[in-house]
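Student: As a plain string of letters, each chain reads:
There are 2 protein chains.
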Amino acid sequence: MVRTIELNKRQEQILQIVKEHGPITGEHIADRLNLTRATLRPDLAILTMAGYLDARPRVGYFYTGKSGANLLAEKLKKLQVKDFQSIPVVVNDNVSVYDAICTMFLEDVGTLFVVDNQSLLVGVLSRKDLLRASIGKQELTQIPVNIIMTRMPNITVCKKEDLIIDVARILIEKQIDALPVVKEVDGGFEVIGRITKTNITKILVRLVDDDIM
Amino acid sequence: MVRTIELNKRQEQILQIVKEHGPITGEHIADRLNLTRATLRPDLAILTMAGYLDARPRVGYFYTGKSGANLLAEKLKKLQVKDFQSIPVVVNDNVSVYDAICTMFLEDVGTLFVVDNQSLLVGVLSRKDLLRASIGKQELTQIPVNIIMTRMPNITVCKKEDLIIDVARILIEKQIDALPVVKEVDGGFEVIGRITKTNITKILVRLVDDDIM
Numbered sequence: 002m003v004r005t006i007e008l009n010k011r012q013e014q015i016l017q018i019v020k021e022h023g024p025i026t027g028e029h030i031a032d033r034l035n036l037t038r039a040t041l042r043p044d045l046a047i048l049t050m051a052g053y054l055d056a057r058p059r060v061g062y063f064y065t066g067k068s069g070a071n072l073l074a075e076k077l078k079k080l081q082v083k084d085f086q087s088i089p090v091v092v093n094d095n096v097s098v099y100d101a102i103c104t105m106f107l108e109d110v111g112t113l114f115v116v117d118n119q120s121l122l123v124g125v126l127s128r129k130d131l132l133r134a135s136i137g138k139q140e141l142t143q144i145p146v147n148i149i150m151t152r153m154p155n156i157t158v159c160k161k162e163d164l165i166i167d168v169a170r171i172l173i174e175k176q177i178d179a180l181p182v183v184k185e186v187d188g189g190f191e192v193i194g195r196i197t198k199t200n201i202t203k204i205l206v207r208l209v210d211d212d213i214m
Numbered sequence: 002m003v004r005t006i007e008l009n010k011r012q013e014q015i016l017q018i019v020k021e022h023g024p025i026t027g028e029h030i031a032d033r034l035n036l037t038r039a040t041l042r043p044d045l046a047i048l049t050m051a052g053y054l055d056a057r058p059r060v061g062y063f064y065t066g067k068s069g070a071n072l073l074a075e076k077l078k079k080l081q082v083k084d085f086q087s088i089p090v091v092v093n094d095n096v097s098v099y100d101a102i103c104t105m106f107l108e109d110v111g112t113l114f115v116v117d118n119q120s121l122l123v124g125v126l127s128r129k130d131l132l133r134a135s136i137g138k139q140e141l142t143q144i145p146v147n148i149i150m151t152r153m154p155n156i157t158v159c160k161k162e163d164l165i166i167d168v169a170r171i172l173i174e175k176q177i178d179a180l181p182v183v184k185e186v187d188g189g190f191e192v193i194g195r196i197t198k199t200n201i202t203k204i205l206v207r208l209v210d211d212d213i214m
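Protein sequence lines, in the order shown, are assigned to chains W and S. Plus 1 on top of the position in the first sequence (first one is 1) and you've got this note's numbering. Plus 1 on top of the position in the second sequence (first one is 1) and you've got this note's numbering.
Isolated chain W (complex conformation) (with noise of 0.2 Å):
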């Protein structure tokens, strides 16, 4: 079954050509090859439907670098985080580091968003901060998490229309797990949604069972 652009032989030497001497007209390219303009044509079109080539009126086809991988990759490009997603844990900032913990296995998740008493974000913490917290030599039923929180401005967040490719960006530059999506309101952010590594490979299974496209 054909499911990949397999090029013909004369496709493949129309792409060298324009590759070479592009931009370049349609008549010039059928000269080169010894062949009509009217015979080139279907070659031609299924080089341009596919994204190899482009053309330009007055100035000819053109390679743009493009291949059929490329397809998907457009696509992948825009898929925005409030299409993937999840619902966010918070606590408050005033809770101890041993009651965060309990949050953080009850709701089976590896990253805490903190917020105050306005409902606006404050910190995040990891499961990283916490087992940091939990060698240390205090009682952590006595330590508020406050004081072992990332806390704004040293978070990073994303909004819901930010691209998912971007927010994968991030948390492979920034070592990170998870980034709390947002919204702006009076004073500071409301926490959303929450957004994972585990968000991006879930999307990368999907592409796979074509279900995103």
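In case anyone wonders, no lab produced these hints; they're calculated from the structure. Don't take every hint at face value.
Claimed, not checked - Selected chain W positions facing chain S (in silico; Cβ < 10 Å):
#1 8
#2 10
#3 74
#4 111
#5 127
#6 129
#7 131
#8 153
#9 154
#10 201
#11 206
#12 210
As the list claims (entries may be wrong) - Here are a few chain S residues that sit away from chain W, every Cβ distance over 12 Å (derived from the structure):
#13 22
#14 90
#15 119
#16 193
#17 202
#18 210
Stated by the list, open to error - What the simulated footprint calls covered on chain W by chain S, stretch by stretch (three residues with Cβ under 8 Å from a Cβ of chain S suffice, anywhere in the stretch; the number is not a length):
#19 36–50
#20 134–148
#21 167–177
Given the structure is predicted, the values throughout are model-derived calculations rather than measurements. For every residue, glycine included, the Cβ atom is placed at its ideal position computed from N, Cα and C.
Starting from the known structure of chain W, arrange chain S on it as the hints suggest.
Tutor: The following block gives chain S in isolation, referenced to the frame of chain W:
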């Protein structure tokens, strides 16, 4: 610039006809559209090249159920663990939970693999396992990791030739962060790599940057 296959109205009509009536000959499609076979030839060629339609001699055109997006998905399905794995971090099964936590911080990983004196895989330690242990009342320097680790045969492993997509599915289904990449040796498994949701997230970024396909 044309980068995705945007079907024109006639191509959409053809696709619809083949979906409903396929397998169907080019002539019958032309009849239904009140066009000549010659007029349709480029459109049929494009739809076939793009993988939407397939043609069999004496049978006609039929709908493949595929779209342009599948081009990349097909390649994505072939990616193997060995090309994307990270270096594993291992600890001996007689080290303490405290030492394991320190190793986790020093090596900055989320999962440790536990090996016996023959360097065979006997356990896995996640941040979650270590965090759970650390809120217990016991002295962490006195508990050996083999008390708290996930142990064989409950460990999911993968081989270097395994497919990334299969690993991604396992990470999602089993809700784990990392798999050990193992090699079968006499008496068990030797750990030769580590594959994590971070590796999968990096693959998604590389798909868009187009340096994989």
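Student: When the structure is checked against the list of hints, which entries are broken? Sort them ascending.
Tutor: 2, 8, 9, 17, 18
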